[in-house]
Every structure is written in C-alpha cells, then in structure tokens.
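For the protein sequence lines, the chains are E and R, in the order given.
Sequential numbering of the first sequence, starting at 82, is according to the numbering used here.
Sequential numbering of the second sequence, starting at 25, is according to the numbering used here.
Hint data in this document are derived by calculation from the structure and do not stem from the laboratory.
Just so you know, not all the hints are guaranteed correct.
Straight-line C-alpha distance at most 27 Å; calculated BS3-like pairs for lysine-lysine [claimed, not checked]: (1) R:Lys68 x R:Lys333; (2) E:Lys221 x R:Lys96; (3) R:Lys96 x R:Lys333; (4) E:Lys161 x R:Lys254; (5) R:Lys333 x R:Lys254; (6) R:Lys68 x E:Lys161.
Quantities reported herein were computed from a predicted structural model and do not represent experimental measurements.
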Amino acid sequence: MTTAAPATTGAGPVGAAGDELVLTAWSAVTPFGLDRAEFGAGVLAGRTAVGELDREQYPGPYARAGLVPGFSAAEALGRKGTRTMDRVTALAVTAVDRLIAECGPGLLERPERVGLVLGTGHGSVQSIMDFTRDSLTGEKPYHVDPARFPNTVMNRAAGQSAIWHGIKGPNSTIAGGRLTGLLALNYAARLHRGGHCDQVICGAAEEYSVQRAWLEWAGGTGAEELGEGGTVVLLESAAGAAAAGRRPLARLLGVRFRAHQGPGTAGAALTACVRAALERAGRSAEEVRLVAPLGGDEEWDAVVEALGGAAPRRLDCRPLTGDTAAAATSLQLAAVLASVERGELSEGQLALVTGTDRDGQVGCAVLGV
Amino acid sequence: MDEVDEARRAPHRVVITGLGVVTSIGIGVPEFLAGLRSGRSAVKPITAFDTAGFAYSNGCGIEDFDPADWIKTVDPQELGRAAQFSVAAARMAAADAGLAPADLRDRRVLVSVGTTDGESRDLDELIERQLAEGPEALDPVVARRATAGLLSASVVRELELVDAEAVTIPTACAAGNYAIGSGYDAIRAGEVEVVLAGGADAICRKTFTGFYRLGTIAPEVCQPFDRDRKGILTGEGAGILLMESLESALRRGARIYAEVLGYGLNCDAHHPVAPDRDSLARCIELAHRNAGVEPGQVDFISAHGTGTKANDVTEAGAIRQVFAEPPPTVSVKGMLGHTMGAASALASAACALAITEGFIPPTVNHRETDEECGLDPVPNHARTADVRVVQNNALAFGGNNAVLILGRYGPE
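Could you put together the complete structure from these sequences and hints?
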C-alpha cells in the first residue's frame with residue numbers, strides 16, 4: 082500500500098484512517114532486566130526492583146534507585162559506535178533493538194514506512210549540564226567535546242535509534258512530564274491515522290543520572306526513589322498486522338487528556354477524562370478489568386469513581402521500579418501487555434493506563450483485548 | 025456543542041486563523057510583518073550569558089520582551105524563558121484569531137509546541153550555580169521549571185483550558201514543523217477543534233558553544249545561500265499558529281491567513297548532524313504528494329537555509345533534484361537568526377503572511393549568490409508576488425526532515 086496522490090489540493094495523505102490500531106509487540110529494558118519477560122514476571126508478582134546505589138558511581142541525594150542492572154551502552158550494544166553514547170540513548174537503542182529482533186527483519190522491509198516516536202523528559206540532563214560545565218570550567222569556553230554535542234539535543238535518542246537500525250520513516254520526540262508515554266502513544270496513533278507510516282515503534286526512555294537526581298531532589302518532587310528504563314511497543318493497523326502475520330496483543334481504543342488546575346482538582350479531571358475516553362471508544366465501565374495507574378490512591382480513587390465503583394485489578398509499577406518519570410506511563414503500558422500475554426484478560430475486556438502529572442494534565446489510554 | 029467527529033468521517037480542511045510571534049525583529053504580527061517586508065535584522069552581541077573567551081559572539085536575542093505584558097494567569101517566575109515565549113505567543117495567536125480564552129474553554133484543544141533546547145538556558149544557570157556552591161544550593165524554582173513539557177503545559181494553564189492535550193515535540197531544529205503537522209492531522213481527522221502549534225527556544229550557552237565548537241557560528245551576520253556565508257547566528261523566540269477546521273473558521277467569520285495543505289516527514293537514518301540530499305529530496309516529494317501539489321505550483325520555498333556551508337548546498341541540491349526550475353528560495357534566518365525549535369514555526373508564520381499580503385520575504389545580508397546553490401534567494405529586498413502555494417523546509421540533527429505546504433484559501 083502506498084500513499085496515492087490525492088486528486089484535489091489539500092486532500093492530505095491517504096492512510097489507514099478508520100482501520101483499527103493494534104499493538105503487536107513490545108520490549109522493556111527496566112530495573113528488572115533487559116528482557117521483557119523479567120519485567121512482566123517482576124511487575125505481575127509485585128516484586129520491587131529498587132536497590133541500593135553504588136555510592137561511588139552514583140553520589141547524590143538518593144541512596145536507592147531502580148537501575149537497569151549492569152547496564153551500559155558498551156555492555157548492551159558492543160563497543161563499536163557507543164564511545165560517546167549516553168545512557169538514555171543506549172536505553173532507547175536497546176529497547177528498539179530488542180523489539181526489532183523479536184519481530185524479525187521483515188519489520189524493516191520498507192524502512193521509510195516505519196515511524197519511530199520516542200518520549201523523553203528533557204533528553205539527558207547529565208549530558209546537557211556536563212557539556213555546559215566543560216564550557217564553564219575549561220581553559221577556553223569552547224573546549225568541549227564536539228562528539229558529545231548531539232547528546233545535548235533532546236532528539237538524540239530517537240535519531241540515534243533510527244541510525245542504528247536504519248528506520249527511515251517519521252522520527253519524532255515527545256515530551257510531557259510523567260504523561261510522556263501516553264502523549265507519545267497518541268502522537269503515534271495520529272501519525273498512523275494521518276497516513277505517514279504503516280508501523281510505528283513507540284515508547285519512551287529515561288535514565289538515572291546523578292544530575293537528574295539532584296534536579297528531582299531540588300525541584301521538590303519529594304523523597305521518592307527514582308528509576309529508569311526504556312520501553313517501546315509496535316503500533317500498526319489490524320490489517321497490516323494480519324498481513325505481516327503478527328498477532329495483536331491489544332487494540333488501542335483511545336487516548337485522552339484533560340487539564341487540571343492543581344492539587345485537589347486532578348482527581349475530578351481524571352474521572353472526566355476516563356469517562357470521555359470510554360464514551361468515545363463506545364465501551365462501558367464494567368468492561369474494564371485492569372488499570373495501571375501512575376500515581377497513588379488519589380488517582381486510583383478517581384479512576385474507580387469514573388468506573389462507577391467497579392473494582393478492576395490495580396497494577397502498580399512506580400513503587401516497584403522507582404519513579405521513571407518520562408518513561409513511567411510507557412512502563413505501565415508494558416505492564417498491561419505483560420498481563421495480557423499471561424492471559425489475565427479475556428476477549429472483550431478492557432485495560433486502562435492512567436496518569437496525573439504535576440504540570441496540570443491527566444491522561445488515560447483505553448486498551449481492548 | 026460537540027464538534028468532534030469520528031476519525032473515519034471525511035477529512036476536514038485545516039486553516040490558519042491566528043498568529044502569535046515573539047521575535048528579535050518584532051513582537052506581534054504587525055511588527056513582525058513590517059520586519060519581514062523591510063528585511064529587518066536584529067544582530068547584536070549576545071547578552072544571555074557571559075561570552076568572555078569566545079572570539080566572536082553575535083546573535084539574534086530579544087531584548088524588549090517583558091513576560092508580564094503577555095502572561096496574565098501564570099506567575100512568569102514559574103516559567104523558563106522558552107516557556108515564557110511560547111505562552112506569550114499562544115496568547116497572541118488566540119487573540120489574533122479573535123478567540124478569547126473563554127471561547128477556547130468549551131472547545132477540544134491540542135497544544136503542540138516544538139523545541140530544540142527546552143529550558144536548557146535554565147540548566148546552564150543551574151550548573152553554574154552548582155559549580156560555585158554545590159548541588160545542595162540548586163534553586164528549587166528553577167530546577168522545577170527546567171523541563172520541556174512546560175512549553176506546552178504552561179499554555180494550557182495560562183489560558184485555563186479544560187478539554188486540552190498539551191504535548192511538547194523536541195525534534196530539534198525541525199520541531200516547529202513537526203508540531204504544526206501533528207496539529208494538522210488532529211484537526212483533519214476531527215479529533216480536536218482548535219490547535220495551538222508552533223515552537224519556542226531561548227538562546228543558551230550550551231547550544232551556542234556546541235555550534236561554535238563545530239565551527240558553524242558566523243562571526244558577524246548570517247548569509248544564507250551567499251558565496252561567503254560563514255554559518256549560523258543563534259536566535260530565540262516563539263511562533264504559534266492557531267489552526268481550526270475550515271467549517272469552523274467560516275462559521276465564525278474568521279480571517280483566514282492560509283490553508284495547511286499537508287506535510288511530509290522522514291529520517292535520513294544516516295548521520296547525527298550532517299544533512300542528506302537524497303533523503304531531503306524524498307521528504308519534499310512526500311510533502312508534495314501529501315498536499316496534492318506539483319512542484320510547478322510552488323510559488324516560493326522558505327528554506328531551512330541556516331547559512332552554513334553544508335546545509336545550504338545540500339538543501340539547494342535537494343531542491344534542484346525535485347524542481348526542474350526551482351522557485352525563489354529564501355531563508356528568514358538572515359533576519360531572525362536560527363531560532364532552533366521556533367525556526368520552522370516562525371517561518372510558517374512568515375509564509376502565512378506572505379500568502380495573505382502578497383510578497384516574498386527577502387534573504388538579507390546577501391552579497392553574491394553561491395553558484396553551487398544555484399537558487400534565487402530574493403536578495404535583501406522583499407518582492408511583491410501573487411503567492412498561492414508555499415513550501416516550508418526544516419531539517420534537524422538526527423537526520424530529521426519536515427516539509428510543510430501552505431496554500432492560499434479562497435474561491436478560485
């Protein structure tokens with residue numbers, strides 16, 4: 082299928098509009114390990130992956146964090162091409178690598194029709210601030226390593242993932258605090274419906290670094306332990322998945338956002354958001370059997386309120402991995418897929434991924450089995 | 025009133041009905057337009073950070089921007105400079121479209137803001153303080169606001185929107201076109217009713233230093249497509265476009281600057297910083313196909329045109345590959361400098377004004393056109409022209425290309 086030239090000006094690309102979007106593959110590089118099976122087993126068992134930090138390697142305000150065990154760019158990807166690769170880029174490249182390995186080379190048969198949408202918080206604040214530090218402390222202000230300059234630009238992880246794997250479709254980077262993963266998913270769905278690609282590899286990555294830890298600590302997000310990870314899913318049309326022989330794990334029935342005006346109003350906003358998402362998907366609250374929330378009990382209560390008091394299973398990630406910030410809602414989506422793979426949802430049942438961000442936004446994704 | 029249709033319904037046409045611009049050649053549409061017409065330039069020494077030790081440090085900073093003039097709901101101190109720019113530009117765009125914040129509150133809105141550096145200027149300031157006083161001394165207010173998501177989320181807060189989605193798109197120097205393109209898709213599919221989309225960035229030490237080290241900062245002025253061009257000048261600002269469906273604009277009798285005809289995106293997947301001619305040519309072809317235009321219909325091209333040796337010759341090569349006879353090809357970066365994530369958004373605003381006002385903005389600081397580029401850059405003086413279709417190119421680190429096509433709306 083190609084995007085045929087439309088007859089009239091402004092008709093736009095001919096895409097898969099109206100065709101159902103499905104998720105057919107996923108990978109997760111997390112504090113549980115490089116393998117998604119390890120993530121699934123850990124999250125579904127409610128086991129924590131937060132551990133003591135090596136204080137020599139990671140001085141700073143926190144003694145504990147959820148680190149991807151033994152992870153480094155060179156360890157995960159080999160020495161070639163990783164000398165100047167920073168941690169968040171390596172997490173992203175590795176997550177994409179593992180997804181492509183699972184799907185096989187057929188996924189990139191037409192690389193210009195495969196998109197990549199990757200969420201980030203603010204790129205690598207460690208890379209950015211190290212670069213400025215070198216400018217401030219060197220003999221000359223321009224005595225900086227030019228090979229590290231691209232690490233200071235926030236689309237580095239997405240761009241490098243494309244270069245590493247030869248992915249030539251749209252390559253977009255998305256940021257939106259702790260809702261980044263949901264925003265990336267919605268952007269990817271929009272990109273697909275707009276006809277700009279046939280498959281989208283979509284997810285988010287966040288690194289643990291000493292500098293990020295200091296910023297989180299100073300910014301007053303509390304004493305919460307931090308985590309890191311990279312996870313991506315493969316989003317495509319049901320027809321495209323069938324043609325490629327990939328079995329849908331879940332259908333993407335909608336992603337919705339809403340503004341809140343600060344603490345105290347977020348719950349009501351999320352309740353309205355979940356209701357709107359279900360209504361637009363044409364589905365009912367009783368069908369929701371699983372919810373992966375970002376936040377704590379206030380968020381959970383708001384979701385339960387939207388579901389009319391129904392009590393779906395609650396699947397928490399954040400207490401187990403630490404606060405993975407920009408990757409958080411992507412990890413929640415991965416947790417839902419792990420649950421689906423284990424057969425915990427049956428046909429016709431729904432799962433929600435929800436989130437409340439301190440910067441004034443709530444969000445919700447509706448997934449169907 | 026629920027205007028939102030199902031995605032499977034017939035696509036909507038998408039029009040631009042409001043512009044908000046914060047630039048070094050003028051804040052607000054009238055000043056910006058006057059600057060574009062007269063070929064204004066605002067080159068001056070950078071004052072955003074201490075430039076001691078650099079042999080040269082000209083830039084295109086904004087000196088007459090007072091956030092309090094524009095930002096009414098949010099405390100400007102809670103925003104970094106890039107977010108201040110994006111919020112101010114979004115307010116302007118809504119007002120320019122004749123929509124009060126209250127009008128937007130009962131509509132479903134997407135706010136989509138592109139950026140290269142987010143609040144890296146704050147990160148510069150934080151690391152400087154950290155070096156002097158230790159990390160325990162980091163300013164909590166600055167640490168809290170130094171995040172890219174606030175460039176879009178703060179617009180929602182400022183306008184007190186309700187049914188809104190705020191997304192920041194940090195796809196570097198092509199980010200503005202990415203943000204506008206995604207907004208176009210959202211309206212076209214009937215997903216949202218109003219989009220505020222564009223880009224914002226603030227001059228910072230980090231990015232100036234990186235480009236300086238790469239040898240791509242011009243010592244004096246930016247001279248796109250000139251034989252003696254010496255590189256970019258870093259600039260700052262924001263451009264936000266208010267977009268809505270054609271039906272919506274017609275129903276409320278809004279002034280229509282231009283119609284968004286379509287866009288194309290692709291990725292070279294080849295080199296982290298060097299552009300790729302063939303890949304860019306494919307992106308231009310993709311944009312033409314998606315917009316339903318032929319090369320011969322394009323009246324002028326607003327180029328990425330950074331003024332570096334590599335960009336301009338590669339971009340010109342790609343244009344000549346697609347166009348048998350390239351139309352006039354200009355770069356507003358001569359006037360504005362390279363405003364990074366705001367660049368293609370401000371260029372889009374310039375294209376929309378060019379369509380409405382019937383002129384082609386000039387490429388300033390131009391002495392002698394590089395024969396290797398082989399284009400008509402409309403040197404130094406704006407040209408009166410009947411502009412129906414404009415192409416706006418954007419390239420970014422990571423091999424990311426984004427080409428947007430705008431057209432004149434009107435009974436033909």
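Given hint Lys254 of chain R paired with Lys161 of chain E - CA-CA distance at most 27 Å | 34 Å, violated
Proposed proximity, Lys254 of chain R with Lys333 of chain R (alpha carbon, max 27 Å) = Satisfied, since the Cα-Cα distance of roughly 7 Å is no more than 27 Å.
Decide if the proposed pair is consistent with the structure: Lys68 of chain R and Lys333 of chain R, CA atoms, cutoff 27 Å inclusive.
-> 22 Å, holds
Pair hint outcome, Lys96 of chain R versus Lys333 of chain R [Cα-Cα no greater than 27 Å] = 43 Å, violated
Pair hint outcome, Lys221 of chain E versus Lys96 of chain R [Cα-Cα no greater than 27 Å] | Outside the cut-off at roughly 42 Å; violated.
Do the alpha carbons of Lys68 of chain R and Lys161 of chain E lie within 27 Å of each other, as the hint requires?
-> 43 Å, violated
When held up to the earlier numbered hints, the structure conflicts with 2, 3, 4, 6 and fits the remainder.
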